[in-house]
Amino acid sequence: MNKLLNPARLALNAAVILMIFFILGPIVWLAVHAFTSNWQYPDLYPSGFTLHWWSQVFLDSALASAMKNSLITSPIVVLCSMIVCLPAAYAVGRIKFWGRRAFMIGIFSANSFPKIGLFAAIATLYYSLNLMGTFLGVIIIQLLGTIIYMTWIPAAAFAGVPRNLEEAARDAGASKFTVFRTITLRMALPGILVAIVMSFLAAFDEAQGTYLVGAPTIFTMPTEMYSLVQNYPIQVAAVFSILLALPSVLLLGLARKHIMGGQLADGFQLK
Amino acid sequence: MGLDLRGLKKTLGGRVIIDELDLRVTNGEMVSLLGPSGCGKTTTLRMIAGFLEVDAGQILLAGRDVTNLGPDKRPSAMVFQNYALWPHMSAAKNVGYPLKIKGLSKVQINEKVEAALELVKLIHHKNSRPGQISGGEQQRVALARALVQEPDILLLDEPLSNLDAKLREKVREDIRELQRRLGITTVIVTHDQEEALSISDRVAVMSAGKIEQFSSPRDLYLRPATEYVANFIGSINRFEGELQDGEIAPGSGVTGIRPEDLLISMSPVEGSQPGVVELVIPRGHFFEVVVIRRDGKFRIFTSENIPVAGDNVHVKIKRALRYRNGKLIE
Chain A
0 MNKLLNPARL ALNAAVILMI FFILGPIVWL AVHAFTSNWQ YPDLYPSGFT LHWWSQVFLD
60 SALASAMKNS LITSPIVVLC SMIVCLPAAY AVGRIKFWGR RAFMIGIFSA NSFPKIGLFA
120 AIATLYYSLN LMGTFLGVII IQLLGTIIYM TWIPAAAFAG VPRNLEEAAR DAGASKFTVF
180 RTITLRMALP GILVAIVMSF LAAFDEAQGT YLVGAPTIFT MPTEMYSLVQ NYPIQVAAVF
240 SILLALPSVL LLGLARKHIM GGQLADGFQL K
Chain B
0 MGLDLRGLKK TLGGRVIIDE LDLRVTNGEM VSLLGPSGCG KTTTLRMIAG FLEVDAGQIL
60 LAGRDVTNLG PDKRPSAMVF QNYALWPHMS AAKNVGYPLK IKGLSKVQIN EKVEAALELV
120 KLIHHKNSRP GQISGGEQQR VALARALVQE PDILLLDEPL SNLDAKLREK VREDIRELQR
180 RLGITTVIVT HDQEEALSIS DRVAVMSAGK IEQFSSPRDL YLRPATEYVA NFIGSINRFE
240 GELQDGEIAP GSGVTGIRPE DLLISMSPVE GSQPGVVELV IPRGHFFEVV VIRRDGKFRI
300 FTSENIPVAG DNVHVKIKRA LRYRNGKLIE
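Those protein sequence lines, which keep their order, are chains A and B.
Taking numbering that gives the first Met the number 0, the leading residue of the first sequence gets 0, the next gets one more, and so forth.
Taking numbering that gives the first Met the number 0, the leading residue of the second sequence gets 0, the next gets one more, and so forth.
Simulated from the structure, these hints should not be mistaken for laboratory data.
Keep in mind that a hint or two might mislead.
What the hints assert, rightly or not - Short, incomplete list of chain B residues facing chain A, as computed with Cβ under 8 Å:
hint	residue
1	His87
2	Ile100
3	Ser104
4	Gln107
Said to hold, decoys possible - Derived coverage of chain A by chain B (criterion: at least 3 residues anywhere in the stretch with Cβ under 8 Å from a Cβ of chain B; other residues may be distant):
hint	region
5	153–165
6	168–174
7	181–194
All C-beta atoms, glycine included, are put in the ideal place defined by N, C-alpha and C.
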């Protein structure tokens with residue numbers, strides 16, 4: 000039977016095309032809108048292409064400051080998250096202590112409730128601590144969403160480092176700290192990189208809490224989106240969406256090389 | 000003295016793993032710790048390397064007390080059962096790691112790494128990652144990484160168990176040859192008696208945290224000091240009672256007869272007793288014959304006078320081992 004006419008294959012191909020359309024469709028729609036001067040129903044084609052919306056975004060002081068805020072807070076949040084969570088991840092991954100499971104499940108379950116309730120409670124606390132509308136307040140709020148990534152993923156990575164690889168290094172004359180630095184940390188690195196990417200995206204993307212705590216003094220890109228959608232032409236929102244997606248794409252692209260590359264795979268080949 | 004273990008004791012999880020263990024290995028000697036799993040041989044090795052603290056006793060390496068030193072401070076180098084190569088480093092980086100830790104210059108490291116890899120015939124793989132080379136090659140990298148440290152003692156933990164049978168024999172000979180050439184004191188842990196007997200100067204047979212017998216492979220086989228060793232090394236026909244006029248007679252103690260110490264013939268010879276062949280099993284270069292005599296059932300290894308099942312034959316006991324309370328008396 001002709002392969003192309005095989006009904007099962009036809010159905011599969013149709014499903015794939017539908018999925019591609021479903022996933023890429025909105026992105027293409029956004030991308031086109033970001034460069035069109037005007038494109039409204041029932042026009043079949045945009046009336047013209049322009050970079051006007053891009054310049055409007057970059058020249059608008061509110062939008063520019065939101066971008067600046069996002070690019071400053073997210074890395075700081077990730078850094079703080081690493082400082083707080085990585086030692087905890089190591090402890091949980093490597094040391095058997097009482098309440099270890101409860102700790103891990105606790106972190107997990109804190110993320111399984113709608114966060115808006117949590118944020119409302121935090122807001123009252125913030126008022127008494129004078130953290131409302133402050134940079135520090137926003138950092139702390141965004142930190143919350145990264146904790147689960149920065150503990151669970153590195154904990155698994157640390158737990159996955161075979162003990163005898165560390166013993167071999169000790170046997171070779173390395174001190175405990177050197178072993179940690181050159182073997183343990185190095186081998187957990189792919190997991191930590193994944194955690195960094197996920198945390199960055201979580202922080203960069205965080206809108207609910209940031210809006211509640213930061214507005215009206217501090218706006219980041221996602222919170223600025225709210226006013227943008229209401230107050231600007233649709234094309235500006237499209238430009239902003241693309242800018243919002245850019246760090247994720249860049250980070251994933253960079254991480255892919257390290258995470259998917261040979262090293263992690265090599266690690267799994269050894270028993 | 001290469002290695003001196005004095006009264007070692009280790010209890011893990013409430014269970015006595017090692018009980019009052021003494022072992023003296025002379026310089027340049029190759030010694031096997033042989034025993035079934037759970038006998039404490041690996042625990043002993045890990046205590047020598049420093050990965051486990053001793054509960055009591057002393058460990059002397061090259062005359063120096065190292066009992067309280069960490070593994071990084073001991074002049075020992077270990078080859079792990081699964082090689083424990085660092086997957087993110089090339090073969091050369093793996094071998095060079097101990098030297099880098101020691102603070103040697105790049106030029107010196109390079110030189111020594113090349114020499115070590117040359118020694119194990121892996122120089123062509125120096126830039127390969129562990130994941131890219133075969134198990135046998137990984138094992139040689141691990142060996143090179145141990146040798147490059149120029150240790151006073153080399154520790155091998157079941158080094159051949161992850162290799163296939165053909166390769167095992169070759170690597171075994173390679174290790175033995177290298178060990179002889181370098182004259183390095185070596186302790187090897189194994190559960191494979193053939194491996195232990197063929198590679199070592201002396202073998203320590205362990206059971207339940209104690210050394211049952213520590214002697215040359217030849218003595219171990221010909222004069223097993225305890226019933227346990229006689230059973231563990233090779234095969235044995237075991238009878239309750241003692242030997243009288245070429246026959247097992249009721250008596251105290253235990254008599255053990257190696258299957259090759261029994262002579263089978265079609266007609267009576269001096270000291271033989273008649274019996275009936277129950278079973279004949281071809282075992283390659285010899286035959287295993289099971290004969291029932293009136294004093295018991297005998298397993299015999301022979302390569303001549305091969306009967307068939309049901310034949311009437313005569314069996315003579317050439318040599319027997321006598322044990323009382325589990326110990327060899329003659």
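Open item on the list: Could you work out which of the previously given hints the structure breaks and list their numbers from low to high?
Closed with: 3 and 4
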